[in-house]
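*Asks:* Here is how the chains run, residue by residue.
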Amino acid sequence: MFDILFIGLSLSSILLLVALGLAVTYGAMGIINMAHGEMVMLGAYVAVLANIWLGANLLLAIPLAFVVTGALGYAMERMVVRRLYGRLLDTLLATWGIAILLQQAIRLEFGLVFFGLHVEGLGAGLQNVPVPGFLQATLTVFGQELNTYRLFIVAVTVVLTVLTWHVLYRTALGMKVRAIIRNPQMAAACGIDVRQTNSITFALGSGLAGVAGVLMAGFRSVSPDMGATMVVDGFMVVVTGGVGSLLGTVAAAGILGEINALTAITFNEITGRAAVLLVVILVILLKPAGLFSFKGR
Amino acid sequence: MAELSRNYRVWAYLIFFAAILALPLVGDEFWLNRVAKYLCYGMLGAAIALTWGYAGVLNLGQGLFFGLGAYSMAMSLKLSSHTSLQQGSDKPIPDFMLWNAQPGAAPDLCCITPGSWLWLPFQSQWFGVAMAIVLPVVVATILGKIIFGQRISGVFVSIISLALVLLARLVLVDAQPITNGFNGLTDLGFLQVFGAEIDPYAVSTYYIIAVILIVVLVLVRLLVATRSGLVLQATRDSQTRALYLGYDVPAYQTFFFTVSAAMSGLAGMLYVLVAEFASPSFLDLAFSVSMVVWAAVGGRGSILGACVGAILINTIEAKVSEVEQLVEAWKAIIGLIFVLAVIFLPQGLAGFAHDVMRRIRERRQPAPTLNRELRQ
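Protein chains in written order, with our numbering: chain S, 1264 to 1560; chain G, 8 to 383.
Simulated from the structure, these hints should not be mistaken for laboratory data. Small disclaimer: the values here were computed from a predicted structure and weren't measured.
Not the full set, but computed from the structure, chain S residues with beta-carbon under 8 Å of chain G:
#, residue
1, Ala1357
2, Ile1361
3, Ile1363
4, Gln1367
5, Leu1371
6, Met1499
7, Leu1540
8, Val1543
9, Pro1551
Label-pair ranges, simulated between beta-carbon atoms:
#, chain 1, residue 1, chain 2, residue 2, range
10, G, Thr322, S, Phe1530, 38 to 46 Å
11, S, Phe1482, G, Phe351, 39 to 47 Å
12, S, Asp1488, G, Thr148, 30 to 38 Å
Think of the CB as a built atom: it goes at the ideal place given N, C-alpha and C, for glycine as much as any other residue.
Chain S extracted, bound-state conformation (with noise of 0.2 Å):
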């Protein structure tokens, strides 16, 4: 029972890594970013360019995805996400175009193809990125034995997520943030460069997701698909949570991890994957605010 738990904690960690920046950026500046998938794809290939070309190990991948996928999300936001408040769907269809864009990016590596050059670590193929050799052991904890790249990603995960709470609670930004999400008007009213912060939030949750994709790297193939489901299993988590709870999508993610692997282990894997979508189809139908949210807007 424990390792079944386990599997459902490490499952759960992977989804709220997604849905952390789906949150951020959903929750306070109403834009479904349906590229969000593709940054945490353009963070695995982050992990596996500094690897080949710069010996760089996963760890240090880190802060180098959070960089380069915050600047994109921030760059996204300028030229075309900004356009577009205030038409919720078609911020979806937008950034949809911009994930097929991206993704075609790394398959024909930036265009390059066409010139004949081949970069190492792009393309259509699977790619994949050593793990350093102190998270590859197995740990024992009450006779059962844990994966510690597994435990890794969950501490990760926990500092993450404290890390986001601290932002959005603790710091002027956060509070910006926050009173963005009750009300823009006012916020803006008050004097609050409304444009400026959500830039910054936006980037922000790109750089969360780029991370995410990090540590993907470690565990799964990487390959310019690979974000595609993401975003979906992503914003099912904020959905079921609670738009603008961070409480809710961190509640969310445990829930539809747990039930995830508890389903999956007793049947198959597509049973469980098909309990989450009932869940989530379920919850959406009967309390449509999410599990945890607030009244407000």
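With the hints as your guide, set chain G onto chain S.
*Replies:* Just chain G now, kept in the frame of chain S:
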């Protein structure tokens, strides 16, 4: 102004109809078969425009209805194929069921694999044809009743429909003994209509599909111009206001959601007739999203625009895909077009055409237009 713009809209429809009916004059049968598939996609585009443009409901799982229609038809056609008829039983049995048969099960459609009895009524081809419409309608009605009855709107409808189509795809692939899982249904027979066979590569088949598309487009266009169509647009613009004016908003939304589902089911059925297969890829999220792309580029607010958008994009895609190196580049171009269309052409090509026509007209007779608008 109103009459003029209506006139021009009628002309746009007529030109489109004439164009698709005239195509057999210029192309060979192989090419026509391909265009017939795009006409089915066109119907899908129109279905998206109906819910998205007119009801403000973005369905990201339209592939579910398309898939239901396609599979219903394909099941019937599978049973009438030669391989199914020659399995040494008095009833036809699909070949994959024999491979998946329970050990010791009688080679009969009723019980060869668990759930294979579901196929029994599909021995009648008309049952398959009917189910291709009935199933999407039933599913959409139940879904609409629940979703719209709960006053769920906007993104949440999109997320539910998206989750549903993913769920349906999982179930479909998992139910290998009755659906042939990943492989889908291939090696299909022909539909028999009053003694004649529907041959996918016949010109007459192309005409059947073209005429059905024309009829559907006209009916839908008339439908949105009726009173209920106007109420629907009112609910799109302000749901609360429509509710306070006493309209049963969920009923209108459910009705049009169902019409759109029926169109998609019909499109799926026709698609199977010309493409001769049904596969789980119909329920891929990517396919459902491409439908939205077609509608967005063609014009979400225009039934005809979305239909033309679907046909246009697919035709260009087919042309580009002939060059192997361009296949991946084309996807990137689609992504870019999409971003640009959403930002700069929110009403798509149809909106663009509309603006151009209005500009021209205003330049020709500026004063009267102004006067009439002032009087209104």
